[in-house]
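Hey, can you work out the whole structure from these sequences and the hints?
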Amino acid sequence: MDHRMSGCDGYKGKAVSEDMVLQCGSDFHNVHSVIFRRQSSWFAAIIADTSYDSFGMKHINMEDKDPYMAELIVEYMYEQDYTIEFDATMYCNPMDSDVQDALSAQCDQELLVLENNPAAAPSQSTEAGIKAQSPTHMVVHAMMYNLAIHFDIYNLKELARRKFKMCAKAHRTSPVFPIALREVWMGEDEDNVGLKDIVVDILASEPELWKLENTDELLRELPGLGLAVFNKRGGGRDLWGVL
Numbered sequence: 001m002d003h004r005m006s007g008c009d010g011y012k013g014k015a016v017s018e019d020m021v022l023q024c025g026s027d028f029h030n031v032h033s034v035i036f037r038r039q040s041s042w043f044a045a046i047i048a049d050t051s052y053d054s055f056g057m058k059h060i061n062m063e064d065k066d067p068y069m070a071e072l073i074v075e076y077m078y079e080q081d082y083t084i085e086f087d088a089t090m091y092c093n094p095m096d097s098d099v100q101d102a103l104s105a106q107c108d109q110e111l112l113v114l115e116n117n118p119a120a121a122p123s124q125s126t127e128a129g130i131k132a133q134s135p136t137h138m139v140v141h142a143m144m145y146n147l148a149i150h151f152d153i154y155n156l157k158e159l160a161r162r163k164f165k166m167c168a169k170a171h172r173t174s175p176v177f178p179i180a181l182r183e184v185w186m187g188e189d190e191d192n193v194g195l196k197d198i199v200v201d202i203l204a205s206e207p208e209l210w211k212l213e214n215t216d217e218l219l220r221e222l223p224g225l226g227l228a229v230f231n232k233r234g235g236g237r238d239l240w241g242v243l
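So the sequence shown is numbered by full-length UniProt numbering: it starts at 1 and just counts up by one.
Any given hint could turn out to be false.
BS3-like mimics (lysine-lysine), calculated; alpha carbons at most 27 Å apart, straight line [claimed, not checked]:
no.	residue 1	residue 2
1	LYS232	LYS211
2	LYS169	LYS211
3	LYS196	LYS169
Quick caveat, the hints were computed from the structure, so don't treat them as lab data.
Shown next, in the form of structure tokens:
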């Protein structure tokens, strides 16, 4: 990636030398501290507390974060967007083998289409492109949303929310939906309801989704999910057989 200063007003397009190293596992990203400082209060605080080494670089360790997600954050900081590999199955942890088989078959079919017609790969820069993304992207968008909260990157949080909403609505019947639902509901910020409102709205408006394998289990198991859907629908007996 060409790390010109595209993410910071007043520095756009300037080839300014990087002054910070982000380490995540075995990955190292040479970046500009001003880009991160101006977009994230979390980074601003840790950068202020970190001294330069003898080479004029600050070293920030993100060892507890996923390397690929860290790469997406770096991409966002410079481009104000992030792009996901078309098949993001590696971030889906199906709850049983039947879901894994269905998910693998779905992704294999998507990749077959791309091999035969590379032009079919979706652009993520438009709403139509977001709708056309792989269902596996739901999980990555949810992860990005939670990371944006952790690092206090407001615009990234809103972008991830918008992408998740479009993708979840388009792929709500996919075997990935309950996996994304768990990621959303068990996010580290219990008070934040940005993505929770989206999945509750989807489930409340389409009762047929309650009967899908694993979704019915999550309605019973995830704390407060069934009640939130029940309240969104204004009560009624239709959830009694599920909860």
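With the threshold set at 27 Å, check whether the alpha-carbon distance from LYS169 to LYS211 stays at or below it.
Holds. LYS169 to LYS211 sits at ~17 Å (cutoff 27 Å).
For LYS196 and LYS169, compute the direct alpha-carbon distance and say whether it is at most 27 Å.
Satisfied, since the Cα-Cα distance of roughly 13 Å is no more than 27 Å.
Does LYS211 sit within 27 Å of LYS232, going by the straight-line distance between their CA atoms?
holds (18 Å)
Violated hints: none; the structure is consistent with every hint.
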